[in-house]
Each structure stands twice: as C-alpha cells, then as structure tokens.
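Protein chains: 2
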Amino acid sequence: MNSHPLDLATTLEPLGEGRFRGATHPAYWNMAGPFGGATAALMMRAVLAHPERRGRPVAQTVNFCAAVAEGEFEIAVTLVRDGRSTQHWNAEMRQGEAVVTTASFVTGAERDTWAHAPARPPEVPPPGEVEAIPTAGRMPWFDRYEFRVMNGRTVFDLAPPGELAPADTKVWVRDLPERPLDYVSLSALADTFLVRILLVRGYMAPVATVSLTTYFLADEATLAAQGARPLLGIADAHAFRNGFADQSAALWSDDGTLLAVSHQVTWFKA
Amino acid sequence: MNSHPLDLATTLEPLGEGRFRGATHPAYWNMAGPFGGATAALMMRAVLAHPERRGRPVAQTVNFCAAVAEGEFEIAVTLVRDGRSTQHWNAEMRQGEAVVTTASFVTGAERDTWAHAPARPPEVPPPGEVEAIPTAGRMPWFDRYEFRVMNGRTVFDLAPPGELAPADTKVWVRDLPERPLDYVSLSALADTFLVRILLVRGYMAPVATVSLTTYFLADEATLAAQGARPLLGIADAHAFRNGFADQSAALWSDDGTLLAVSHQVTWFKA
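Note that the protein sequences, when read in sequence, are chains A and B.
For the first sequence, position 125 (counting from the first letter as 1) is numbered 125 according to our numbering, and the numbering increases by one without interruption.
For the second sequence, position 185 (counting from the first letter as 1) is numbered 455 according to our numbering, and the numbering increases by one without interruption.
Honestly, the hints are just simulated from the structure, not real lab data.
Be aware that one or more of the hints could be misleading.
With a straight-line cut-off of 20 angstroms between C-alpha atoms, the simulated EDC-like cross-links for lysine to aspartate or glutamate are [as the list claims (entries may be wrong)]:
| no. | chain 1 | residue 1 | chain 2 | residue 2 |
| --- | --- | --- | --- | --- |
| 1 | B | K440 | B | E399 |
| 2 | B | K539 | A | D82 |
| 3 | A | K170 | A | D112 |
| 4 | A | K269 | B | D489 |
| 5 | A | K170 | A | E129 |
| 6 | A | K170 | A | D236 |
| 7 | A | K170 | A | E131 |
| 8 | B | K539 | A | E163 |
| 9 | B | K539 | A | D255 |
| 10 | A | K269 | B | D382 |
| 11 | B | K440 | B | E416 |
| 12 | A | K170 | A | D157 |
| 13 | A | K269 | A | E163 |
| 14 | B | K440 | B | D525 |
| 15 | A | K170 | A | E110 |
| 16 | A | K269 | B | E380 |
| 17 | A | K170 | A | D82 |
| 18 | A | K269 | B | D352 |
| 19 | B | K539 | A | D219 |
| 20 | B | K440 | B | D427 |
Calculated from the model, a selection of chain A residues having no Cβ within reach of chain B, i.e. all distances over 10 angstroms [to be verified]:
| no. | residue |
| --- | --- |
| 21 | M31 |
| 22 | G108 |
| 23 | P127 |
| 24 | P134 |
| 25 | A136 |
| 26 | F156 |
| 27 | A159 |
| 28 | P180 |
| 29 | L217 |
| 30 | G227 |
| 31 | A250 |
All residues carry an ideal CB built from backbone N, CA and C; glycine is no exception.
Please construct the entire structure, taking both the sequences and the accompanying hints into account.
Here it is in structure tokens:
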C-alpha cells in the first residue's frame, strides 16, 4: 500500500458495478471542503479503477456542484459509450442523497501517431534557481505541493485592495512529499493554480471553481519519464464579469513537453 | 415560429420531465453526421427550455460519444443540483438505445459584479475589409456561416502534405443567414473553428471532436447588443500527439468584449 497522502486521500473501496466508497482526507483540506484537485483526482482514480476501462485518460470535466462535507462519499462510474478508439464515462460523487460532484471522462487507446507541438513553453529559470514559497500555517492542501513561483502574486503575498495585479502565474510545481507523476496526481496538479481573482484583487474573498476541464496530452510513458521532478505550470485568465471568470493552465514537463492543459470557470461573490 | 435554419435545426418537442424530441437537419450536415456545433446548440436549447432553469449559461461541456445518425433523437435533461448561485445540469442525447452525446451545463444567476478584462483582442482589420471565403459546394454547414478569414489556411486552401502551417486562425464569423446572437447560436459558433490538424497538415483526413467545453463570459444583454454583426474568433492549438490534440478559441464582440472561450480535444487517426 502506497502511503503517500495523495494515495491515502484517493483510496477507494470497490462496491461492485462501478461504485466505490471513499472519505475526505485532512491532508488535502481547503477552506470549507476538500481541495478541488483532490476531488478531481478521486474521480480520476474511480474511472481508472473501473474493470472495463481501457486506454489512458484523454479528457476530464469535473463539475463542483456543492461543497463536499468532511466524511464518507460514494462515487458511481458509468461507461456511457464503449467505442473502438475512445470510451466515454460519467461519474457522480454522492454524500447521502446529495450529488456533490459530477464528472465526465474520455479515455483513449495508447497509439503512436504523427506528432507536432506548435506551442513551446516560455523560457524560465530551472527549478533549482527559484525559491519555494512557504506554505505552512495556511490551508492544509498548500503543504501538499511545492510551489516555486516565478512571477505573479501568491496568496502569501497579497496587496491592498485597489491595486490590481496581472492574472498570470509561472510556477514550478510538484507533489509534497515527492511522488512520481501519474494521471491521478496530474489531474490534481491541474487545479493547483489558485482562483485568479484572488491574485488580481489581492485579498481573500468568497470564490469557487464551478467546472474544471483537463485534457491529457501525454501518454503514460511520458508521465513516468517526468518522475517526481517539478512541472512547469503557466496559468492565466481572460475576463472577470457578472460573477464568473475563466482561467486556463498549461502543465509542461521539465524538458518542454506539454503534459496537460486545463481550463476552469470560477464563481466570485461580488 | 422563427424560420432561421438554426432555429429549425434546434426545434425540440417537449415530452415532459425534461425530455425533448428533435431531428437532425440537413442544413447543418457535416461529413458523416451533423456539425458538432449544431449538436452543442441542441443540448443548449434543451437545457434553456427546461422549466426549472433559472439564470444564463455559464459552462457547457459536450461529449461526442458516437456519430449522430440522420433522423430523430431524444434529449433528456436532468437538474443535478439546484444551488443558490448556480444550477448544475446533465443532458444526454439518445437514438434508440444508443447514447450518442452527453453534456453537462452550469447556469448562473445574472448579477452585476466587479469586472475586469486583462485579456484584449488582437488588432485586426474590420470585417468590411476582409473577404468572406466561398463555402459553396462543400459540407452543408459551411454555408450556414460567413467566414472572413484573416490568417491561416482554410479547408478551401489546403497545401500539399509535408508543408506544415501554423495552427492559429483569426476570423470574423457569423451565422448565415444573419441571426441575432444568443446562447444557442454562440454555443454553435464556438465549434466553427475547424479541427486544427486539417489546417496544419493541409489535407482532409479522419478527425473528430471528442469533447468540447465552452465558458460563456457575457450576459444576455451583451449578446443582444452584438446583434447579427460578425464576431472576432481566434483559435489555436498547443500539441498533436498520440492520436489526440487540444484546441482553444476565444469569441469577441466587434467592440472588444470577450463573449466566450471554448476548448476542445480532438481525435485524429494517424
């Protein structure tokens, strides 16, 4: 049994017929519920554990319908369509009668094909030249990641209201304790880019990720080759208006291969 | 009854309990099934028509599970979670016993809040200075849009294999015949950016959109103000590898307001 906090937090007991039981874990606690990335990783783990699953994750959409309460939950995974090149999945997390999270997944056969990467990562200093920000004494999930922030505010570096900061962040990020990269950890890492409005406005305020979509652009061997070394994460947002905002992130291997892109829409109160 | 082809193609007969019946329409036919944007618009129309729906669309994810066959289908819409600030929806399109499309939606209350738009549209010539590309004699859905392409290949301008082109496109795009913008047409417009690999490689080949996520960043009044004038569309892709590729698009009003961002993951054969 792997005792990494992420593996403990995503431990699922199979109940048969695509159903699994788990429980929230204090190591990934956020303000008023689990870190969304931990919930995304749980949904991923459930789909990967489904006996009919073939191939590797290609797309994941997680809808955060309601706050997940501390304690047990059930995840039900349904194979919606079993195609030759892709499988389509729905997943639902319940606590009692309440649906707290829904998700859809696409898995695809591992294939060698033509490859082309028009996008390149920005030039950045190597992780060893960037200091990790201190995370102690904050929300527990911050301690589960090493953040070597290269530009942009962090939640530990907020400014007085009125001074708007850029919405973009460049960061070297990885699991703490260190953990070899896989699709479970990558789906959580995709949500480690803080809700942009907090950085832009410079103070903590009621916000929530409403929906999160991640596309996995690397096969299992590429993730394995990355191992536990830091990923380069780039995040930015286009617009904040009418109570909602978008944001996008790209996660690159440390040798410049794009591993995943992730998009989310966030709610803010005022 | 509005007789615009998009309204005809998204006509749904309510069957009660969130179920609707419709049929594919020849005006939006693609190569081997309906244009994916028309399917997205149908799912949007069904959610908007649900009697319990409040607020405006915020997020839409459409999973193209299987080719939609010519003929009738049923769409079932389920209100998964009815929260104070957001409603979460699932939708499913079936033909006979087969699920051909799944979708999830978030709708949100219309609210005035703090607003901030760090992203700006690129400088481009106005629509009147850009020629519309000829679409006649191609797939029927091409004729349902006016494409004033400013850069990048089009499917009408392919190059011999071996010469790779950039993956990005700048285009003024709108419905044909002209139609005032709403969330139904915007959800379809978000999918008018061709699968990038066709443009990059320069020839038609087997491709498909697997999953499409659109975030709506403008309220109903902003869409109404845009009317039937062309939208500025910007599309690009990061990486093509292992049979899948990402692509993203931004749709701007002609006065520089971001109306929607849209992301998709596409499958390619080889």
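Verification of the hints:
no.	hint	verdict
1	B/K440 / B/E399	14 angstroms, holds
2	B/K539 / A/D82	17 angstroms, holds
3	A/K170 / A/D112	31 angstroms, violated
4	A/K269 / B/D489	16 angstroms, holds
5	A/K170 / A/E129	14 angstroms, holds
6	A/K170 / A/D236	9 angstroms, holds
7	A/K170 / A/E131	13 angstroms, holds
8	B/K539 / A/E163	49 angstroms, violated
9	B/K539 / A/D255	27 angstroms, violated
10	A/K269 / B/D382	10 angstroms, holds
11	B/K440 / B/E416	13 angstroms, holds
12	A/K170 / A/D157	15 angstroms, holds
13	A/K269 / A/E163	19 angstroms, holds
14	B/K440 / B/D525	16 angstroms, holds
15	A/K170 / A/E110	30 angstroms, violated
16	A/K269 / B/E380	12 angstroms, holds
17	A/K170 / A/D82	38 angstroms, violated
18	A/K269 / B/D352	17 angstroms, holds
19	B/K539 / A/D219	16 angstroms, holds
20	B/K440 / B/D427	15 angstroms, holds
21	M31	17 angstroms, holds
22	G108	6 angstroms, violated
23	P127	22 angstroms, holds
24	P134	27 angstroms, holds
25	A136	31 angstroms, holds
26	F156	21 angstroms, holds
27	A159	15 angstroms, holds
28	P180	20 angstroms, holds
29	L217	5 angstroms, violated
30	G227	19 angstroms, holds
31	A250	7 angstroms, violated
The structure fails hints 3, 8, 9, 15, 17, 22, 29, 31 (numbered hints given earlier, in ascending order).
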